[in-house]
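Chains as they are written, first to last, in our numbering: chain A, 1 to 227; chain B, 1 to 227; chain C, 1 to 227; chain D, 1 to 227; chain E, 1 to 227; chain F, 1 to 227; chain G, 1 to 270; chain H, 1 to 270.
No wet-lab data here; the hints were simulated from the structure. Hints may be right or wrong, so weigh each one.
Derived pair list, reagent style DSS-like, types lysine-lysine, alpha-carbon separation capped at 27 angstroms [what the hints assert, rightly or not]:
#1 K26(B) to K131(B)
#2 K131(B) to K52(B)
#3 K22(H) to K204(D)
#4 K187(A) to K203(A)
#5 K121(A) to K76(A)
#6 K50(G) to K193(E)
#7 K204(D) to K52(F)
#8 K26(B) to K76(B)
#9 K193(F) to K131(F)
#10 K76(B) to K187(A)
#11 K50(G) to K40(G)
#12 K187(E) to K22(H)
#13 K204(B) to K187(D)
#14 K131(A) to K204(B)
#15 K22(H) to K34(H)
#16 K193(D) to K193(F)
#17 K219(C) to K52(A)
#18 K204(C) to K187(C)
Since the model is a prediction, treat every value here as computed from it, not as a measurement.
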Amino acid sequence: MSVTEMFSYIQGFLSADQDIREDIRKVVQVLEQTAREILTVLQSVHQPSGFKDIPSKCLRARELFCTVRTQIGELKTKFPVEQYYRFHEHWRFVLQRLAFLAAFVVYLESESLVTREEVAKILGIEIDREKGFHLDVEDYLAGVLIMASELSRLAVNSVTAGDYSRPLRISNFINELDSGFRLLNLKNDPLRKRYDGLKYDVKKIEEVVYDLSIRGLAKEQEAGGDK
Amino acid sequence: MSVTEMFSYIQGFLSADQDIREDIRKVVQVLEQTAREILTVLQSVHQPSGFKDIPSKCLRARELFCTVRTQIGELKTKFPVEQYYRFHEHWRFVLQRLAFLAAFVVYLESESLVTREEVAKILGIEIDREKGFHLDVEDYLAGVLIMASELSRLAVNSVTAGDYSRPLRISNFINELDSGFRLLNLKNDPLRKRYDGLKYDVKKIEEVVYDLSIRGLAKEQEAGGDK
Amino acid sequence: MSVTEMFSYIQGFLSADQDIREDIRKVVQVLEQTAREILTVLQSVHQPSGFKDIPSKCLRARELFCTVRTQIGELKTKFPVEQYYRFHEHWRFVLQRLAFLAAFVVYLESESLVTREEVAKILGIEIDREKGFHLDVEDYLAGVLIMASELSRLAVNSVTAGDYSRPLRISNFINELDSGFRLLNLKNDPLRKRYDGLKYDVKKIEEVVYDLSIRGLAKEQEAGGDK
Amino acid sequence: MSVTEMFSYIQGFLSADQDIREDIRKVVQVLEQTAREILTVLQSVHQPSGFKDIPSKCLRARELFCTVRTQIGELKTKFPVEQYYRFHEHWRFVLQRLAFLAAFVVYLESESLVTREEVAKILGIEIDREKGFHLDVEDYLAGVLIMASELSRLAVNSVTAGDYSRPLRISNFINELDSGFRLLNLKNDPLRKRYDGLKYDVKKIEEVVYDLSIRGLAKEQEAGGDK
Amino acid sequence: MSVTEMFSYIQGFLSADQDIREDIRKVVQVLEQTAREILTVLQSVHQPSGFKDIPSKCLRARELFCTVRTQIGELKTKFPVEQYYRFHEHWRFVLQRLAFLAAFVVYLESESLVTREEVAKILGIEIDREKGFHLDVEDYLAGVLIMASELSRLAVNSVTAGDYSRPLRISNFINELDSGFRLLNLKNDPLRKRYDGLKYDVKKIEEVVYDLSIRGLAKEQEAGGDK
Amino acid sequence: MSVTEMFSYIQGFLSADQDIREDIRKVVQVLEQTAREILTVLQSVHQPSGFKDIPSKCLRARELFCTVRTQIGELKTKFPVEQYYRFHEHWRFVLQRLAFLAAFVVYLESESLVTREEVAKILGIEIDREKGFHLDVEDYLAGVLIMASELSRLAVNSVTAGDYSRPLRISNFINELDSGFRLLNLKNDPLRKRYDGLKYDVKKIEEVVYDLSIRGLAKEQEAGGDK
Amino acid sequence: VQKSDDHDNGAQISSPVISAFKVFQQELDTKHDKYERLVKISRDITIESKRTIFLLHRVTSVPNAEEVLHEADVKLDGVRQKIGLIAEELRGEDLYQFHRAFTPGIQEYVEAVSFHHFIRHRTLISLEEVNARLVFMRHERTDAKGSSEGSRSSPAVLTFQVTPTDYLLGVADLTGELMRMCISSVGNGDMDTPFKLSDFLREIHDGFSYIGNTGPYEVSKKLHTLRQSLGKVEDACYTLRVRGSEIPKHMLADVLSSRTAIMDPDEGVV
Amino acid sequence: VQKSDDHDNGAQISSPVISAFKVFQQELDTKHDKYERLVKISRDITIESKRTIFLLHRVTSVPNAEEVLHEADVKLDGVRQKIGLIAEELRGEDLYQFHRAFTPGIQEYVEAVSFHHFIRHRTLISLEEVNARLVFMRHERTDAKGSSEGSRSSPAVLTFQVTPTDYLLGVADLTGELMRMCISSVGNGDMDTPFKLSDFLREIHDGFSYIGNTGPYEVSKKLHTLRQSLGKVEDACYTLRVRGSEIPKHMLADVLSSRTAIMDPDEGVV
Ligand SMILES: [Mn+2]
Ligand SMILES: [Mn+2]
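For reference, chain A alone in the conformation it holds in the complex (with noise of 0.2 angstroms):
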């Protein structure tokens, strides 16, 4: 094989390569809207009006998941399975939105925290990665990180929303994940630098429970007994 004969064989590869990126990124790019989409959905728990029907956006989020799951599906059509991880980038900023964005569901569904088992159900995927494509470990993770901010906003808004109990029980659920989080030994490092932001998420729905309870709102409700 001459020299040129040689080259143009390799140009084979590079062009096919570059080819497969090009497709990741389209449907890449319509999964991103699929998740902002969602994302407005959920959004709107925030406003004073959002609190009463959380369980019909849920549902409606929940429909929405149904297209992800179709644009995945399309995804992994895109580039053969076993190299999931020469091509990760390219989804793993979208795929932990994603999980945040099941995570979030979850727990306005029923205030437990999802596993990783049900976000890959959600999102339908797999966990092991033997079996296919796959959500990792880290992008659960990142995944249940920014939920966690998202509630520490969330228990702020219910206070103006006049729900004086949701923020005490934020405050269990997110000291529940942060014992979790310190199980771990973090050495990756964006999932270690979210992590501390989970510490101000902490503290700040402390100060939010403290606030009410210097006011005495806090056992108002509770001693009106709800949930």
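Given the coordinates of chain A, work out where chains B, C, D, E, F, G and H with the ligands should sit on it, guided by the hints.
Quick look at chains B, C, D, E, F, G and H with the ligands alone, frame taken from chain A:
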């Protein structure tokens, strides 16, 4: 499953990942040491005295490549084969160096361009990703480009050592290489940058040939008839 | 034509270009001065005493916008209209600042979002590129985002000044803005980065509203019935 | 118009812009491929064997410029003609390369400096901005400077190929070019930097001529009377 | 000694250095795990239920400090004692965390400021550099400052838990600390930054005390006989 | 004085400063044009034909230096004389070029090193800072070093032009210069970098002299009575 | 070759080129040495100014602010002595020639002296006021030498002029210290100082935005930090107002005095 | 409020916290002062070492290299005295605690002393040899104080140990000077030194590539410059060889001696 249990479970994942990376790092460190030893052997061809026993230096380098194969064999056992790209960053640098060293040995032995297949064989790895630990096209090309800059140095030093015919042969070789690279549509940034350096190597070697030509030194030895 | 003639001729082109840029730079410098004056006028609303005479400050700013229109009119004469993008970099920065100032004035006057048309009118320019010196969509959006961060500061300072109802209105306004931006598929890097800052503004204002709510200060004034 | 409607409307603008850029990028990529092919054809003049059939190489390059014209024709259709400078960055690089290739062909054919008009004609574009897709003075000059550095290489290689008169002619040509550039008042940074490189080319060619002179090789051929 | 020998000698030194650092890193990792465990124990005082059994939590933490002493004992064996500052960076972070934890335990036990001597004793190290592995004054101060921020959180949470006298005691304590720090001339280093944070802690606690005062809650419990 | 007054005062100072700089820039631009013209005149000595009428070229350059003196006279009026170093950066570049041109003229006329006094006189400026607009020792030295590199080029081209004795004279001259520079303790500044370049100039000239020597060309003309 | 070199060397000694370069050598070395001395003085000034700033921050926690202010003034006198050394070095020189050597120290001094001035007078020190204190009596020992050149400049007085840019950069850094002081004041229960600081900082901020990007590059760089500091101070005032809103105004005095009463008995507890 | 503050202040004076912090204050100030003194000494060492290097470059152009070498050695003795001051400051301290303060100076000294050593011995000075010259006799005046603590360490001798990393970084910089020397030698018509320098530089280059990226980050950063220097030296040798190829070897001596003869008469022309 409680939050604590879940995070303990996740910590298992994270630890496993960190252990793999730790193991990889150690083997890679050893590989780098061997690569530096091969480099030391091959670099000695630049010495005035080094031109005489190129064959023996190549033999010595070939022996050290046995060690490389063993060490890469070791490396392969440290992670699941289909997760090559997950950990690629750890060995990419040393693999490019090794590809360069293999290309340099082959050039010194036969004055021909090593193929990707040959490099793979010398390193005891594959060229098809599907078959196992493999040599990426980009890493092969990076290795070849490092060699090109070493050859421009060799052209200079061979003249100093009194070998006037070698630069002409290097010049032809490097021109062929340059044409080959021009067939590629390089997007990938680091490779593109390296390729830009090739132009300087081509120019440098042409100037050496020029210096020999204008003094009739090129012809002189050619007339003497080596190669 | 000799080489010398040709280059003399080319020098003519280059000089013309440099002269245009020099002219533009001078007008832009004057524009920046006026923009800074408007900023000084509007910034004074943050002073405790500043909340009283917002209308008079807006009037003063409107007057200065007359000067802006004259100066932009001057700017338009400095280069051929269809070469807007050739020199865009020169005035992009000040145009975004002016868009911000226009948006801020309009907000202070009517608590509504200025449209691109209105900004264009205030600055005496077009919105359709075809019709002449115009306001790019990106520059309009950048101006709006700068205003958002000014509003979060305003929410804080209006509380300090004893105006407890303004933050609620700002909060509603900024939430609407946030929803609007979520409809956009931003790629353009500087704009995307600015938009990321909007999240902090939203959060900040929500916390102000929270502080008022928990102390019953929001309701209190509302009951008093302004706006 | 509500805020939502307004932002939907704006999203239309942004999408259109992104689509145009995507289209331009694709055509430019194809153009770059053709430019590389022309370069490969012309580069071969540096080979010892290449000096014989310069005319045939130029013919081949001229053919490929037909393709270039078609592709630039394609490019023109991708965006409104008066927005040239809005998207200039996308094709500036390849246009300078093409200007260089055109200048190089013309030099090889006639040993004269291509005019901007000629380059524009070879590329099938205009020189007056008003008339359509055009060649900026700066891009023309950049192309000429790239050629200058190619000529210093040619001077070296023509000696290797035994052509001792060409370097003298190149030296005269490049000196004229240098004087021409000295007439320009360059401010523009990248062009200025390229021009600084010209000094090295001038010096290099002078040294080649020196080498020929001191060995009596320059006179020798001159006496033989070529050109 | 030849150049080669010299470099072998230096390489030997560098390898040894790397080995030491590797060993240190491993022990430090284990230490960090223990520190996180102590933190988890002590963090629980922030829970409403946590205020009751502070003594038992302190006991548990004291036990874990035994492990810390063993692990630091292990650390000491990894490098020559007089080269503390050569490797300081490796354990500085965890040492400051441990100093904080020791200071926090002592505060919870006795509401007094731990001395540097006490911290050293709890960690099984020295305070004089000459005597062995020691606690730098900066690291001690950093630990104290981390505690200050933990105390501001504690002040908030003790109100939530219904303990209204603790914030006042914390306030006095932290004010004394602040007076102490004002005596220091810090450089623009991390310690300075942390000290700037102390001002916010002081401010936060002052706000809590103020909240209690205007509601007569501070007096109330005082009268009722706190703690 | 109020804060506002203070800032107005400072702003006044800054505006005045900017105006001065703008004025200086304009004059400097004109000076640069004249310097380029002198360079074009003197550069022509490198042409084979240029060696004949060096004296007339020097006369022409001397005339242009009149213009330089007028323009520098103009420059002096633009700023307070005792604030030379405040604006030094603006004219440093052109002043070094002018010092070079003056040194080159003097060398061409008399083959001697221009003194700082002479340069100052040619440019119509001072050498003592106290006496007015002056020539810094660093700027004088930079000019001399630029000339050194021009002389190495001249040595090469004088051989091409058949003048075999000039290189020897240049060699002696430049060696003396080199000895002078060796006496200086330079900082790691641009002058140091330029001085490093001098070594290459010395080396280049040495090579030319060597080339002449081994061919007996140096002796030849000497005997024939050079110049 | 050796012989020839010897010969060259002989030539060099008498060569006008060599003797010219010997003069240059001395001129350059003298300049570099002076530069180096100025760098060292500047470092000293920086350190002492920083320590003065630390000292000044203690005013918010001690009973007798005047004492601290006086102590700071004594320290600043020491700094001014060092600036006097710079002035001494610059005697007859162009200040801008060595400006880079001492600008960090001077900026830090402006920061310290303007902080001191603000605490005492609650106003911004003017550039004139800064410069007015940088007038030095000539040292005795230089008089002897000075007498010969004394006719040229004023014989007994030496001044140092801070440039407007250094003044501006020092004031920009001052804002960071003002922010720290504001937060401390809130922490000390001071309900008044934060608002004063907020107004003052806003004035400075508005001043800087009036100057905008017409100033030197370093000023633009510091604008971001300045804006952050202002934000922190405005937030602090906001918090004070919001919290203060919870009691009727007529009760405020009572509450404050009772607070002091409440806090006193606690000292026994600690 | 005033009253309460007074009270606090009274409490502070006797407070154990405050007295502890007064100790810390002194400890920190002492450390910072020492650091600052070391920085200043380091700057002096850098300047003097640089000047020594400049001086050493003159050996290629003067007849009596020995004289220059001696002068350089005297200068280096001065530098060593200053390193002695560092050793004095570090007496009983952990060298690494203040390492960042003086590492630039020490690296520059290694560069200078290894350059001196190369010129004299044509070998690389070893780390031991560098350190062997950094042994100092204790100053008289400190003896009095030292006597009390004298029992602990050796009483009259003070040593300074250059770290292997500083040594390595100094040697890396040395290569730049060697390259300069090589180009100068070619310029002076020296046909021998460039080849010697080329061999030596190649040895150092190979040594550095043997160490590779196992060394500290700063070394890796300097590798690129080192490679460039080697390239320049190799190019110079190449040029010498190529040009030298044009005359038969047996003529070389003639040519060289005649060259000297040719050049002499010219002096009249200049
Ligand atoms: Mn400061
Ligand atoms: Mn150096």
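Hint check results:
no., hint, result
1, K26(B) to K131(B), "holds, 24 angstroms"
2, K131(B) to K52(B), "violated, 40 angstroms"
3, K22(H) to K204(D), "violated, 70 angstroms"
4, K187(A) to K203(A), "holds, 23 angstroms"
5, K121(A) to K76(A), "holds, 15 angstroms"
6, K50(G) to K193(E), "holds, 15 angstroms"
7, K204(D) to K52(F), "holds, 23 angstroms"
8, K26(B) to K76(B), "holds, 13 angstroms"
9, K193(F) to K131(F), "violated, 30 angstroms"
10, K76(B) to K187(A), "holds, 24 angstroms"
11, K50(G) to K40(G), "holds, 16 angstroms"
12, K187(E) to K22(H), "holds, 17 angstroms"
13, K204(B) to K187(D), "violated, 31 angstroms"
14, K131(A) to K204(B), "violated, 53 angstroms"
15, K22(H) to K34(H), "holds, 18 angstroms"
16, K193(D) to K193(F), "holds, 18 angstroms"
17, K219(C) to K52(A), "holds, 20 angstroms"
18, K204(C) to K187(C), "holds, 25 angstroms"
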